[in-house]
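S.K.: Those protein sequences? They're chains A and B, same order as listed. Take 1 as the starting number for the first sequence in this note's numbering and just add one per residue. Take 1 as the starting number for the second sequence in this note's numbering and just add one per residue.
Since the hints were made in silico from the structure, they are not lab data.
Each pair may be met inside one copy or between any two copies, as identical chains are not told apart.
Lysine to any residue pairs mimicking SDA-like chemistry, simulated, CA-CA at most 20 Å apart:
no., residue 1, residue 2
1, K55, E112
2, K117, E127
3, K55, W41
4, K117, F100
5, K90, D80
6, K90, R26
7, K88, I115
8, K129, W41
9, K55, T42
10, K129, R171
11, K55, L43
There are 2 protein chains.
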Amino acid sequence: MASSSSAGEEAPPTRIMIGVNESSIRGYPHPSISSRTAFDWTLQRIVRSNAAGFKLLFLHVQIPDEDGFDDMDSIYASPDDFQSMNQKEKIRGIHLLQYFVEHSHQLGIQCEAWIRKGDPKEVICQEVKKVQPDMLVVGSRGLGPFQRVFVGTVSEYLVKHVDCPVVTIKRKADEAPYDPIDD
Amino acid sequence: MASSSSAGEEAPPTRIMIGVNESSIRGYPHPSISSRTAFDWTLQRIVRSNAAGFKLLFLHVQIPDEDGFDDMDSIYASPDDFQSMNQKEKIRGIHLLQYFVEHSHQLGIQCEAWIRKGDPKEVICQEVKKVQPDMLVVGSRGLGPFQRVFVGTVSEYLVKHVDCPVVTIKRKADEAPYDPIDD
Chain A
1 MASSSSAGEE APPTRIMIGV NESSIRGYPH PSISSRTAFD WTLQRIVRSN
51 AAGFKLLFLH VQIPDEDGFD DMDSIYASPD DFQSMNQKEK IRGIHLLQYF
101 VEHSHQLGIQ CEAWIRKGDP KEVICQEVKK VQPDMLVVGS RGLGPFQRVF
151 VGTVSEYLVK HVDCPVVTIK RKADEAPYDP IDD
Chain B
1 MASSSSAGEE APPTRIMIGV NESSIRGYPH PSISSRTAFD WTLQRIVRSN
51 AAGFKLLFLH VQIPDEDGFD DMDSIYASPD DFQSMNQKEK IRGIHLLQYF
101 VEHSHQLGIQ CEAWIRKGDP KEVICQEVKK VQPDMLVVGS RGLGPFQRVF
151 VGTVSEYLVK HVDCPVVTIK RKADEAPYDP IDD
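Next up, chain A with everything else stripped away, as it sits in the complex (with noise of 0.2 Å):
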């Protein structure tokens, strides 16, 4: 065992901050697959059975929905009825990272979750930067290259323009859906 090594338990836990987005099919508040497998792969490959070596930063980040499809039933009448729906934006940011806390605590890991709004890639650059998290794990759709070059993937951008260690966790084949746009 290595209990007399300076890695010992007495060091501050290892911070992994976890981008993690909901279903684009299921929608909120469900995790998009990738975002499940790169928090089950964390839990599964790194922290075992170590709980108190480890904290996890559960960040999401929300796309700013400038034409509002989200709200098709919803009547605006006044500036409030956005604030509303801001509200309800966020509410449901909320429910979806109740999935990940939760978990975490059944398993006792320390844990924080917060919401920002903006470009996934952009956001996530600003909070390792203030949160300088220890590595940053993120989920793959595992795009063919063929759809790479049109669609291009926050991680492959993420690995380049981060300051800390970047794991990228692609999905399973097997996990895939037929249109990899939809998880």
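Assemble chain B onto chain A, guided by the hints.
M.R.: Then chain B, alone, in the frame of chain A:
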């Protein structure tokens, strides 16, 4: 504690492959700064006190030296002389691996180490396919955008082409020699 979870210690250890090479300034058997940084990061941030939960797989790829510059002081009079050159090169590689294996043993972490010849990025891809580690850790010289264009990096190639999650550990600025090619 997560002892009751499915990620408990009864699960097989997480197998982490670490690509290691020799220092380009000091030569064999000294590991490069980026190899040591990748190794130390793995111990401190991932393995921590959980030695039994991990197995480290050290892969050293030797680039075939067609010019024989490493053996400027040797005289080649027969095919056997080249044989002995290859042998010497291999012994140097073994001494490099000794550094990592001895450190792992001192910490009670299971490990394996081996040498392959060829183009590092291609060989690492092949070995990942064969060995199927849970994760690959590689160091990076942390080249600036200018040098990156000309030099390229093994780590960028691996992130794109390797099947398992890849972590690239960049060197801290204060560990970088003046010329980033020196390592």
